[in-house]
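Model the placement of chain B on the given structure of chain A, informed by the hints.
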Amino acid sequence: MTSEKTNPSSLIVGKPALLVIDVQGDITTSRHDVERDFPMQHYEEYMQRVPALIAAARACHVPIIYMQEVHHPSMIDFGRELDGFERVHCLENSPGTAIVPEVDRRPDDFWVRKRRYSSFFGTDLEILLRGLKSRTLLMVGGFTDVCVHYAFADAHQRDYVCRVVEDCVAGSSYEAHEAALAAMDHLQHGCRCVRDDLISALHAWAAAAASG
Amino acid sequence: MNKPARSLIEGKPALVALDTHKMSFAGIPQLIEAARRHGVPIVFANDAATEMAALSAVRPNEYVIRRRRFSVFYGTELPILLQELGVSTVILAGGETSVSVHYSFVDAHQYDYFCRVVEDCVAGSSPRAHEAALRAMEYMQTGARRQCGEVIAAFGALRAEAPTAK
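So the protein sequences, as listed, match chains A and B. So the first sequence is numbered by numbering that gives the first Met the number 0: it starts at 0 and just counts up by one. So the second sequence is numbered by numbering that gives the first Met the number 0: it starts at 0 and just counts up by one.
Treat the hints as calculated values from the structure; they're not laboratory data. Keep in mind it's a predicted model, so treat the numbers as computed, not measured. The beta carbon of each residue, even a glycine, is placed where N, CA and C say it ideally should be. Hints may contain errors.
[As the list claims (entries may be wrong)] Taking CB as the label site, the calculated pair distances span:
{"#": "1", "chain 1": "B", "residue 1": "Leu80", "chain 2": "A", "residue 2": "Gly211", "range": "36 to 42 Å"}
{"#": "2", "chain 1": "A", "residue 1": "Gly189", "chain 2": "B", "residue 2": "Gly142", "range": "33 to 39 Å"}
{"#": "3", "chain 1": "B", "residue 1": "Arg127", "chain 2": "A", "residue 2": "Ala51", "range": "31 to 37 Å"}
{"#": "4", "chain 1": "A", "residue 1": "Arg191", "chain 2": "B", "residue 2": "Glu32", "range": "39 to 45 Å"}
{"#": "5", "chain 1": "B", "residue 1": "Arg144", "chain 2": "A", "residue 2": "Pro94", "range": "32 to 38 Å"}
{"#": "6", "chain 1": "B", "residue 1": "Pro28", "chain 2": "A", "residue 2": "Val193", "range": "45 to 51 Å"}
[As the list claims (entries may be wrong)] Stretch by stretch, here's where chain B covers chain A in the computed footprint (C-beta under 8 Å, at least three residues):
{"#": "7", "stretch": "111 to 117"}
{"#": "8", "stretch": "146 to 160"}
[Unchecked claim] Under the rule of at most 25 Å between Cα atoms (straight-line distance), these lysine to any residue pairs were calculated in the SDA-like manner:
{"#": "9", "chain 1": "B", "residue 1": "Lys11", "chain 2": "A", "residue 2": "His155"}
{"#": "10", "chain 1": "A", "residue 1": "Lys132", "chain 2": "A", "residue 2": "Trp110"}
{"#": "11", "chain 1": "B", "residue 1": "Lys21", "chain 2": "A", "residue 2": "Leu81"}
{"#": "12", "chain 1": "B", "residue 1": "Lys11", "chain 2": "A", "residue 2": "Ile75"}
{"#": "13", "chain 1": "B", "residue 1": "Lys11", "chain 2": "A", "residue 2": "Asp76"}
{"#": "14", "chain 1": "B", "residue 1": "Lys11", "chain 2": "A", "residue 2": "Phe77"}
{"#": "15", "chain 1": "B", "residue 1": "Lys21", "chain 2": "A", "residue 2": "Gln187"}
{"#": "16", "chain 1": "B", "residue 1": "Lys11", "chain 2": "B", "residue 2": "Arg127"}
{"#": "17", "chain 1": "A", "residue 1": "Lys132", "chain 2": "B", "residue 2": "Tyr73"}
If we strip away everything but chain A, and leave its shape as in the complex, we get (with noise of 0.2 Å):
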């Protein structure tokens, strides 16, 4: 067994990737629905978080995986996914669906689509994950109760290191956003960290990486 480099700040373990779900312009930019109380009030003040992060990812040489939620415009692979809470989203011909200019995407990051909740369900990411050698995946984005709590369980039951940025997720609702919070903490204890930190530690572990 090979023995791995842990950050001081424990927040990184191995090597890490940066997983941005979601953060699409049908969310980003949607209204509080105060009848619906959907999403949460502030969502794009979390989401405008991001890009800082992203920059000091890029800075590290830290993986950038973006995420981006499709169904097609025939509406036939939402599946079960409109039987609940959720109206007809990121339809593949709808502007609403394109990955915000914010967050900077450039043509040698990783651009995952997919047509479920869970970043794993019917992707490719583990295949790029097991070629990144990524062992912790630090996760941005929404919604914190659905894509990326789902995320993170398919990724914890894949053994990975899981983080989730809590000032840079936002939820359909506040409520949900913190249970899920307390949720992923209950999987791995000490999940939940906050931008600067993780941006301290990413400087951290790219210094060890470069000093070998």
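Same frame as chain A, now just chain B:
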């Protein structure tokens, strides 16, 4: 958008009992007994199959799945088993509500099953986590949360169907 109203049971049901040997409350034996009486397939999923088999007296035409992760779909034969059984509705009972039940529900949902959770037959989490998980399941599928009594009644209302081509 108008959503179609869904029945408690759409198509053919299966009862998935998660770690039910650990649950002592009354609803679960009744639920299992009703499923048996009305020919609803039962899948027992556990991380200690022998212990569970002894306690729940699994019958030859029932199914036991050993799992090493929370979701009963992950790394198990459950997806292929449900497919072969021609099941459309997965009914979950057991525990823990916020972990094995919740994440099994998520996978069943993502596999396009109609998912129901018998809310008075799931337990094991803190009251807060239990309620949050039930809400998350109802968020995914309206009408997911059901009572033991109504599930038993729905089993009773199933019509004996001609055997499927499978």
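Hints and how they fare:
1. B/Leu80 - A/Gly211: 36 to 42 Å: Violated: the Cβ-Cβ distance is about 50 Å, outside 36 to 42 Å.
2. A/Gly189 - B/Gly142: 33 to 39 Å: Holds - the Cβ-Cβ distance for A/Gly189 and B/Gly142, about 37 Å, lies within 33 to 39 Å.
3. B/Arg127 - A/Ala51: 31 to 37 Å: holds, 33 Å
4. A/Arg191 - B/Glu32: 39 to 45 Å: holds, 43 Å
5. B/Arg144 - A/Pro94: 32 to 38 Å: Given range 32 to 38 Å: holds, Cβ gap about 36 Å.
6. B/Pro28 - A/Val193: 45 to 51 Å: holds, 47 Å
7. 111 to 117: holds (count 3)
8. 146 to 160: With 5 residues in contact (Cβ-Cβ under 8 Å with chain B), the coverage given for the stretch 146 to 160 of chain A holds.
9. B/Lys11 - A/His155: violated, 32 Å
10. A/Lys132 - A/Trp110: holds, 17 Å
11. B/Lys21 - A/Leu81: It is violated: about 34 Å lies between the C-alpha atoms, which goes past 25 Å.
12. B/Lys11 - A/Ile75: holds, 22 Å
13. B/Lys11 - A/Asp76: holds, 22 Å
14. B/Lys11 - A/Phe77: holds, 21 Å
15. B/Lys21 - A/Gln187: holds, 23 Å
16. B/Lys11 - B/Arg127: Cα-Cα ~33 Å, so violated.
17. A/Lys132 - B/Tyr73: holds, 22 Å
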